[in-house]
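Q: Here is what each chain is made of, one letter per residue.
Number of protein chains: 4
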Amino acid sequence: MAEFVFEGKKVYYEIHGEKGEPLVVLNGIMMSTLSWKPFIKDFSKNNVLILVDFLDQGRSDRMTESYDHSIQVRLVDALVDVLPYDKVNVMGISYGGEIAVQYAVEHPDKVRRLVLANTAGRTSSWLRKIGDGWNEVAKHKDGFAYYLTTIPVIYSTEFFEKRADWMDGREKTLKAYFSREDVLEALIRLTDSSRDYDYVDRLHEITCPTLVISASEDVLVPPTEQIILHQHIKNSSYVTINGSGHASMYESPSAYAALTLGFINLDDDGINV
Amino acid sequence: MAEFVFEGKKVYYEIHGEKGEPLVVLNGIMMSTLSWKPFIKDFSKNNVLILVDFLDQGRSDRMTESYDHSIQVRLVDALVDVLPYDKVNVMGISYGGEIAVQYAVEHPDKVRRLVLANTAGRTSSWLRKIGDGWNEVAKHKDGFAYYLTTIPVIYSTEFFEKRADWMDGREKTLKAYFSREDVLEALIRLTDSSRDYDYVDRLHEITCPTLVISASEDVLVPPTEQIILHQHIKNSSYVTINGSGHASMYESPSAYAALTLGFINLDDDGINV
Amino acid sequence: MAEFVFEGKKVYYEIHGEKGEPLVVLNGIMMSTLSWKPFIKDFSKNNVLILVDFLDQGRSDRMTESYDHSIQVRLVDALVDVLPYDKVNVMGISYGGEIAVQYAVEHPDKVRRLVLANTAGRTSSWLRKIGDGWNEVAKHKDGFAYYLTTIPVIYSTEFFEKRADWMDGREKTLKAYFSREDVLEALIRLTDSSRDYDYVDRLHEITCPTLVISASEDVLVPPTEQIILHQHIKNSSYVTINGSGHASMYESPSAYAALTLGFINLDDDGINV
Amino acid sequence: MAEFVFEGKKVYYEIHGEKGEPLVVLNGIMMSTLSWKPFIKDFSKNNVLILVDFLDQGRSDRMTESYDHSIQVRLVDALVDVLPYDKVNVMGISYGGEIAVQYAVEHPDKVRRLVLANTAGRTSSWLRKIGDGWNEVAKHKDGFAYYLTTIPVIYSTEFFEKRADWMDGREKTLKAYFSREDVLEALIRLTDSSRDYDYVDRLHEITCPTLVISASEDVLVPPTEQIILHQHIKNSSYVTINGSGHASMYESPSAYAALTLGFINLDDDGINV
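Chains as they are written, first to last, in our numbering: chain X, 16 to 288; chain Z, 16 to 288; chain B, 16 to 288; chain A, 16 to 288.
Hints are computed from structural coordinates only; laboratory data are not their basis. Hints should not be assumed to be uniformly reliable.
As the list claims (entries may be wrong) - List time: in silico PhoX-like cross-link candidates among lysine-lysine, alpha-carbon distance up to 20 Å: (1) Lys144/B <-> Lys190/Z; (2) Lys144/X <-> Lys190/A; (3) Lys60/B <-> Lys60/A; (4) Lys154/Z <-> Lys190/Z; (5) Lys60/B <-> Lys144/Z; (6) Lys144/A <-> Lys190/X; (7) Lys187/A <-> Lys156/X; (8) Lys154/X <-> Lys60/A; (9) Lys156/Z <-> Lys177/Z; (10) Lys154/Z <-> Lys156/B; (11) Lys177/Z <-> Lys144/B.
Go ahead and model the full structure; you've got the sequences and the hints to work with.
A: Right, dumping it as structure tokens:
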């Protein structure tokens, strides 16, 4: 619905809703603005929702060379400059949460409240190997192998069983999508951009009220990583969505939306017990 | 601020806020409308907040004889009848959550959304003994013994250490309060009213969207009890507030308020992924 | 079966078994050598089992004045001096685990392997209040109130339900036992002896192989305390007995015995992967 | 050290130790008798240790066509027939635990005690997809892609970081090993043999004392699967090794060995509290 030019690249974004606290939503690695469609009604009822595609995602421009997280952090800054707000609330999941962490550290004056779901403060050597595996598999240009390597792992066993039909649909769609060379190349670059991320030593610089969300069955960015976030971000609350895997916004949409909206709409004064 | 007569007894309640979904809040056993003071600003910003004292609590009338939960469930029904809403959202913690469970089972047409924090679906034989212990201690009319037996156990070790000054204040206040004979008699009756509570077999009758909240360090009504709620209430989401004890609304006020407000303000349509 | 004199007091102990690694077992606060009766056969099959009553426990002498943990630590040292071993393996539960911690810190040369079940590295301010509550209740010389305050809390809800008959038996026995003034006075002193215990800063001095055991439903010395032990004791392994409360040796006797015996009978060389 | 012929195939096995309860150890899918080398000293000190390579593993014969678990279950039965014992104790991890489950169901008279580590009672639809992914990647005959897809996921982040050198060694060795076509073909068959495994409805037929072991960071066969085992196997104890991933015997060798040896060496009478 809207776009702006950032460092020579077109960035796609959408604005939904007209009043209330602005909420900037940052996508996970294999998501796009489209992924949030089921949430738009709730997220824009009492808030102005801003969705955006990172570079190499959705309807934003593709990159040609490798990069690291910093370019996406600058993209968020450019997006916020385009918006008519002094401060925004930011919710990010996974990759998007990691960009949110860095944005909040670099621009503390622009973030009112922060929600970090299924997010790490660094790419552990373990997670780096998992990402390397995705990219090694991607080289073989086998959309099905890539699907099987990257997607089931982000859902819980319980969800996989309960929503078998939905998962079958995902498999069909994504198997085809991941068979496109341009898609795999973009995903390789996105994955590689996380290799050297480590902001653990700077987490303490985040001072805005922050909500850290784990999912109990998240095997990709498990609760041990969110505990690190909670321990270092002084003004943070920490909750777990039970029974959910890494794609917690799809597995537990009500809990996810309640946490996000409830937290960003709390009063500035805080609740002083 | 307001009262009505119910079965010959005066019931005290308060209404805060003017617009938005109505939220009826039901107290834990040793709480009263006063306990929610730090939450009023947030709870009434976009919602109409209704606080109420159960019989034998706060500014509602004292009882003289023993009773069970059913009278408090009828009290809630009478309260809702006084209010100008077809349906209300109900949030209850502990004792209040248990009354909320029963109200939702008995009056499914009157509950739009339900939030159950630190709540059980039954009084286990274990919890019954804990309650019997409170009442056996109460007989000795030793306010300090009663304080030590009932209050520290509802906070986490971490909170107890971090908020030592606040806990000292609670001790001073409550030691005096629990030294009053009328207070102990009311608490004995309230505790006894839970002895035979068991709605596990009827939990499946709750059909409204329900949010079940555990606190990871709750030793009084531990997560094993909320798992029962979640398993039997079909349309329920289940989250845990990490690091918090039984008094989760005081230990993690931001998470608690975010969950409550976020959940009751979700759209009727649900989020269909 | 045997006794020795320690600082003018008689200390009762038992030796079972004839060969294998010696295992000194240290009791929880309300236990005695008698409590281990169901374990004697297994514990003495391939090991020499040494049971002992602390001062103010079982068949050891009663004290008359207050004391702290240090006297029990010296008692263990005196016991080990009586035994014909250069080094012993020590398993302690709760209070006994805390004495074991201190013994291992003070006498690193005498402990071969250490098993710490349901044990803390310090008496937190929270646990101190719980103990103060027990003692405040004890003053009223009401055996039933003392039973209800101290015993149900050490079992899980699940065990309490499954073993209702056994719990009824405990209630009958202990209600009578706790009605004896000398018993309550000894328990008051034992509880008070833990008030100032804090060895967190010295845990790193424990260098022998150590097994830390949590019980998932332990509400008195919850896993958060054993995590502290594990983090500070370098050469430690850390397991959880699921579903069990504080009295884990009674709730999960097979797991408890397997862990203890399996660990102390491992080879000195360790397992080097 | 020894072999026997089973259904026309050579089966390799080893016996270590001379006295005590016999312990048959069943390997995980990518393991072999060699994997247990660091454990031989402890496992054979007071027990007769029997290691064995399944078909398509280690020094046992390779298969040429696809098969399911039942052939490995029959192999275990043939092995036990070769041994001079009426009953054996069986410990299995992952794939080996699943074969152990089936052996215990089919031959209840031959199993004295059972230890199931990182084991499921069925191959969930989720785990089936993970296995399909391994096999889809294997088709590309890229040893590095196969390593990255199958190995890091079986270790915890913490272990991966602490033992970086050891993991680098594994990577070098296994990358080469997985580049062999015969190896990949055997692994494809082993993985496929698990596709239709589902013994949940027969778990209740296991009556021997059973120890179920979870690892808290096991993302492949997470605790939710072991809870199913524990709930259905009546005479089972259930423990968790904290901080460990799927390869729990390597991540926490002392805890793993203590649990196994402690449990199989308990007395037949049980511990009756």
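Q: Next step is simple, just say for each hint if it's right about the structure.
A: Outcome of the hint check:
Taking the CA atoms of Lys144/B and Lys190/Z, the gap is about 13 Å. The hint holds against a cut of 20 Å. Annotation: proposed proximity of Lys144/X to Lys190/A holds, straight-line Cα distance about 13 Å (limit 20 Å). At roughly 15 Å between alpha-carbon atoms, Lys60/B and Lys60/A fall within 20 Å of each other, so this suggested pair holds. With a C-alpha separation of about 15 Å, the suggested pair Lys154/Z and Lys190/Z falls inside the 20 Å cut-off, and the hint holds.
In summary, the hint linking Lys60/B to Lys144/Z is not supported, as the alpha carbons are separated by about 38 Å, beyond the 20 Å threshold. This hinted pair checks out: Lys144/A and Lys190/X have alpha carbons roughly 13 Å apart, not beyond 20 Å. Only pairs whose Cα atoms come within 20 Å are accepted, and Lys187/A paired with Lys156/X is rejected, the gap being roughly 25 Å. Of the pairs offered as hints, the one joining Lys154/X and Lys60/A is violated, with about 49 Å between alpha carbons and a cut-off of 20 Å exceeded.
Of the supplied pair hints, the one linking Lys156/Z and Lys177/Z is violated, its CA atoms being roughly 30 Å apart against a limit of 20 Å. Restraint check: the Cα-Cα separation between Lys154/Z and Lys156/B comes to about 13 Å, which is no more than 20 Å; the hinted pair holds. Restraint check for Lys177/Z and Lys144/B: the C-alpha separation of about 15 Å stays at or below 20 Å, so the hint holds.
Violated hints, in rising order: 5, 7, 8, 9; the structure is consistent with all others.
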